[in-house]
Amino acid sequence: MAPAIAHFLVGASLLLLLIIPIALRYRLAPWVPLWLVALGGLWGLGPDIHHIAPVYELKLRAFHDSPWVDLFAFHYTLDRPAIRAQYTASVFGSILGFLGAVTTFMLATVLRTRTNLTDTASPHLIALSEALLLVLLFVAATSS
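With my numbering applied, the sequence shown covers 507 to 650.
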């Protein structure tokens, strides 16, 4: 099982990356990114609820051990033995991924405030790079 901080940071990173096209199109309130990080982190930690749930522990544990929990920020993939064996690498990798997602999100919001979407292709290039990053993450997660 990957450490909880890795699940939290991967969930937060993915939600920030998924919201970048919306951030490029609309001006978001300053508090939105903070809530996105919190909600994304909880989304990534969701399948681990069986550790604290007072009821349905066996059913929640069975759900946690199924491949369906990859819908929660690649939770099942992060809990595989190959990742579990690389504890330190998974923590530092998730930190680096989170810093990359925050940097990309910040660049998108700065470009949104400084440019008009009809005047430049730069925001579209950021959205394209985000899509490529998500595809690469998916390929890395699914390849053995």
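No wet-lab data here; the hints were simulated from the structure. Errors might be hidden in some of the hints.
[To be verified] Label pairs and their computed distance ranges (CB to CB): (1) 535 to 613: 16 to 24 Å; (2) 571 to 524: 23 to 31 Å; (3) 559 to 613: 36 to 44 Å; (4) 634 to 545: 35 to 43 Å; (5) 565 to 635: 17 to 25 Å; (6) 533 to 634: 15 to 23 Å; (7) 533 to 567: 42 to 50 Å; (8) 538 to 640: 31 to 39 Å.
Note that the structure is a prediction, hence the values are computed from the model and not measured. C-beta atoms are modelled at their ideal positions from N, C-alpha and C, and glycine is treated no differently.
Hints, one by one, checked against the model:
1. Range check, residue 535 to residue 613: about 18 Å between beta-carbon atoms, so the 16 to 24 Å window is met.
2. The given range of 23 to 31 Å is respected by residue 571 and residue 524, whose C-beta atoms sit roughly 26 Å from each other.
3. Between residue 559 and residue 613 the C-beta distance comes to about 39 Å, which sits within the given range of 36 to 44 Å.
4. The hint said 35 to 43 Å for the Cβ distance between residue 634 and residue 545, and at roughly 25 Å that hint is violated.
5. Between residue 565 and residue 635 the beta carbon distance is about 40 Å. The supplied range of 17 to 25 Å is therefore violated.
6. A beta carbon spacing of about 21 Å between residue 533 and residue 634 agrees with the range 15 to 23 Å that was offered as a hint.
7. One distance hint, 42 to 50 Å for the beta-carbon pair residue 533 and residue 567, holds here, with the actual separation near 43 Å.
8. Checked against the hint of 31 to 39 Å, the pair residue 538 and residue 640 fails, with Cβ atoms roughly 20 Å apart.
Hints 4, 5 and 8, counting from the list given before, are not met by this structure.
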